[in-house]
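K.L.:
In order, the protein sequences belong to chains A and B. In case it helps, full-length UniProt numbering puts the first sequence at residues 1 to 431. In case it helps, full-length UniProt numbering puts the second sequence at residues 1 to 431.
One or more hints might be untrue.
[Claimed, not checked] Simulated restraints, written as ranges between beta carbons of each label pair:
hint : chain 1 : residue 1 : chain 2 : residue 2 : range
1    : A       : ARG96     : B       : THR36     : 43 to 49 Å
2    : A       : GLY93     : B       : ASP207    : 27 to 33 Å
3    : B       : PRO115    : A       : GLU290    : 28 to 34 Å
To be clear, the hints were calculated from the coordinates, so they are not data collected in a lab. Beta carbons: idealized from backbone N, C-alpha and C, even for Gly.
Protein chains: 2
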Amino acid sequence: MTDTIVPEVDDRVQRGVTRIVRASKKASTLMSAASTAEKNAALEAIAQILLDRTEEIIEANAEDIETARNKGIAEGLIDRLTLSAERISNIAGAVREIIALPDPVGDVVLGKVLPNGIRLSQERVPMGVVGAIYEARPNVTVDIASLAIKSGNAVVLRGGSAAKSSNTLLISLLRKAIASVGLPADAIAGIDEFGRDGAKVLMHARDYVDILIPRGGADLISTVVHESIVPVIETGVGNVHMFIDATAPVRMAVDLAVNSKTHRPSVCNSLETLLIHEKAAKRVLPKILERFEQAGVVVHADTDVQELAPEGMKIRRVSRRDWATEYLALEIAVKIVPGLDDAIEHIRAYSSGHTEVIVTNDLAQADSFVAAIDAAAVGVNVSTRFTDGGEFGLGAEVGISTQKLHARGPMGLSALTTTKWIMRGHGQVRN
Amino acid sequence: MTDTIVPEVDDRVQRGVTRIVRASKKASTLMSAASTAEKNAALEAIAQILLDRTEEIIEANAEDIETARNKGIAEGLIDRLTLSAERISNIAGAVREIIALPDPVGDVVLGKVLPNGIRLSQERVPMGVVGAIYEARPNVTVDIASLAIKSGNAVVLRGGSAAKSSNTLLISLLRKAIASVGLPADAIAGIDEFGRDGAKVLMHARDYVDILIPRGGADLISTVVHESIVPVIETGVGNVHMFIDATAPVRMAVDLAVNSKTHRPSVCNSLETLLIHEKAAKRVLPKILERFEQAGVVVHADTDVQELAPEGMKIRRVSRRDWATEYLALEIAVKIVPGLDDAIEHIRAYSSGHTEVIVTNDLAQADSFVAAIDAAAVGVNVSTRFTDGGEFGLGAEVGISTQKLHARGPMGLSALTTTKWIMRGHGQVRN
């Protein structure tokens with residue numbers, strides 16, 4: 001059990017977090033045996049307690065907001081941090097949606113009788129203990145905890161310090177709720193009191209924690225990926241491209257580019273770089289730039305793009321840095337390319353492996369693009385915004401994995417499970 | 001591309017390995033587009049070149065054996081290192097078995113039409129670049145390379161230094177073979193020339209290498225798990241238990257315990273600790289100990305077991321260390337326990353999550369055991385030796401995963417693949 005020892009961490013933090021994850025591990029064995037009915041009752045108790053204690057939650061949240069304002073934190077971040085009665089009601093509603101989802105635990109993935117008569121089956125079982133490290137969005141606390149409970153896991157939460165007061169209250173309410181239906185309170189635990197060093201210990205607790213999910217910006221995710229000894233699922237960074245091919249119908253190309261960039265610019269499946277075939281540029285680009293200008297989109301590009309811009313529209317000079325940037329804002333990089341191969345080469349160099357789309361009417365080009373692009377989701381003639389668990393019909397989303405191991409793309413509940421092979425025999429030996 | 005920089009490593013090694021993995025990445029895009037027929041032709045060329053160049057391979061191998069002998073390496077390890085004409089023929093035969101396996105690439109895992117008309121499918125695609133770090137068994141070189149090629153990947157191999165001469169030749173022959181059918185030679189590469197530091201760079205080459213598979217003893221696997229930034233699949237450590245319950249039929253219990261321990265003691269699915277219900281001990285244990293004595297199995301246990309041993313049989317005193325040991329030899333730890341709960345508790349404390357078996361005629365006990373044990377494979381009334389890709393009908397085995405992420409238990413070819421979501425539309429935007 002030496003894996004949890006992180007030399008540079010204070011002994012009190014080391015012991016405190018280890019005590020918590022050990023209790024989570026113990027709770028996880030009880031959770032793995034819980035029936036779907038019990039888990040759903042726990043989720044209903046969670047939804048109910050959020051509604052019943054809304055005022056208290058808002059008060060705790062107000063403390064966080066005040067601290068954030070005093071620290072001069074940007075309004076956009078404060079908005080993400082804020083809980084109102086309406087938002088809390090939405091969060092409770094989201095928990096009830098998870099109740100409605102099918103329980104993946106117990107699904108038989110594969111079953112057969114071997115030639116020697118052994119009945120072999122591969123069955124879905126909970127992962128065990130799920131760790132989550134995320135930024136200051138208190139809704140993630142309830143979201144991840146509910147998904148973990150539904151899939152029969154225990155969860156250890158490390159939220160951003162800016163949401164400490166909100167998260168502390170939420171976690172204590174969630175624990176009360178699941179205990180009220182007879183499930184172990186320790187199936188939901190927080191380690192915010194131990195600060196950054198607590199997160200470090202969590203990332204090294206390989207003996208107790210089965211999977212770690214970072215949710216937040218690129219920096220947070222990169223830190224967790226590099227520091228964690230616990231297996232990590234990388235989520236959410238989306239440097240998303242769209243390539244408009246020579247044969248792209250003009251109106252479709254314009255609508256898809258505009259929808260992909262402007263529908264909800266702050267999320268990971270929004271468009272960040274638009275590539276256009278030089279044969280389509282004159283036809284398509286002026287209309288797209290006009291729509292971008294109307295929507296207030298800042299465009300970074302070379303002078304060839306400036307030439308096609310509406311009069312007076314200011315195009316900013318693009319740099320190598322722009323190609324690698326996930327703006328998450330009304331901002332985009334645009335590039336005119338000689339053809340499909342150049343588009344593929346550019347995407348290969350800068351893609352974060354999230355979502356890449358081609359707009360074309362040429363079947364061979366579409367097939368080449370789909371085959372050549374190595375990403376979680378590849379689209380033909382669709383908005384990039386469709387890469388989403390809800391849109392894919394997976395129900396509530398654990399996140400969007402941009403790694404290749406275990407889960408890729410939108411992750412539903414089954415991403416929080418693993419499988420167990422079960423062999424049933426009557427004394428078979430191997431010869 | 002900074003992830004590949006390992007500060008303590010010599011610049012020459014850093015650059016050398018980076019150059020190789022970059023070429024592997026490039027080759028992987030060609031491999032992912034290769035047809036099943038092309039990949040099978042490459043495998044046939046590999047089998048053929050091994051047979052054609054058997055003499056040369058044996059000569060290169062003789063150098064390794066001589067070096068090993070001069071270093072005083074144990075005969076058991078030298079046996080694993082040794083290639084004879086017969087063994088090379090077997091290796092070529094194993095490659096041809098991989099030809100016969102179905103190609104997982106292109107399998108549609110899920111397909112549906114979304115309410116908005118987008119045709120969504122989730123399709124199996126190669127992982128990309130597979131890294132393998134293993135010990136001095138040159139057959140693993142051919143084995144892993146062939147599995148990687150069949151599943152459309154490129155592979156970077158780091159074998160044990162004791163097999164350097166054998167591996168260098170084998171890799172050059174394999175590269176020649178795949179190039180002869182028009183696939184990129186760089187789809188198979190070795191980094192043995194860069195020594196341990198080369199392995200370090202490989203473990204940090206997250207931008208180029210998609211998955212790392214360590215194959216070898218517990219120390220090697222632990223090193224890779226702790227040091228690698230590239231996602232790892234932990235394989236093979238099997239501290240395997242069998243619990244003989246009060247109701248276990250005597251003959252079945254004896255046969256299963258003996259087969260599990262003695263059939264092939266050096267492999268990961270062989271039995272390491274036998275737990276016996278105190279109500280079964282008197283009936284079953286004397287017979288098992290007698291058979292263990294005949295087979296030359298060294299038994300570690302407490303005095304209660306000594307009392308049931310045949311006259312003159314020496315039982316060694318068991319220590320806490322024994323419970324945690326994977327002997328991989330004719331050696332076993334034995335413990336009499338008061339009941340199922342104690343057996344489960346012992347297994348939870350010491351299991352490596354590989355294979356755990358109960359021998360019982362009590363249905364409720366069997367069900368409790370299967371539900372409570374958290375391992376890749378759980379058996380009822382079967383030999384532990386059945387946890388095996390071949391036995392499970394998966395074909396050639398990539399390894400046996402003891403982790404919960406991505407793959408658990410025996411891994412077939414599909415463990416070397418990931419999936420890609422493909423969205424095909426006609427201009428759908430999100431509202």
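K.L.:
Next, verify each hint and record whether it holds.
P.N.:
Hint-by-hint comparison with the structure:
1. ARG96/A <-> THR36/B: 43 to 49 Å: Holds, at about 47 Å.
2. GLY93/A <-> ASP207/B: 27 to 33 Å: Roughly 41 Å apart at Cβ, these two residues miss the hinted range, so it is violated.
3. PRO115/B <-> GLU290/A: 28 to 34 Å: holds, 31 Å
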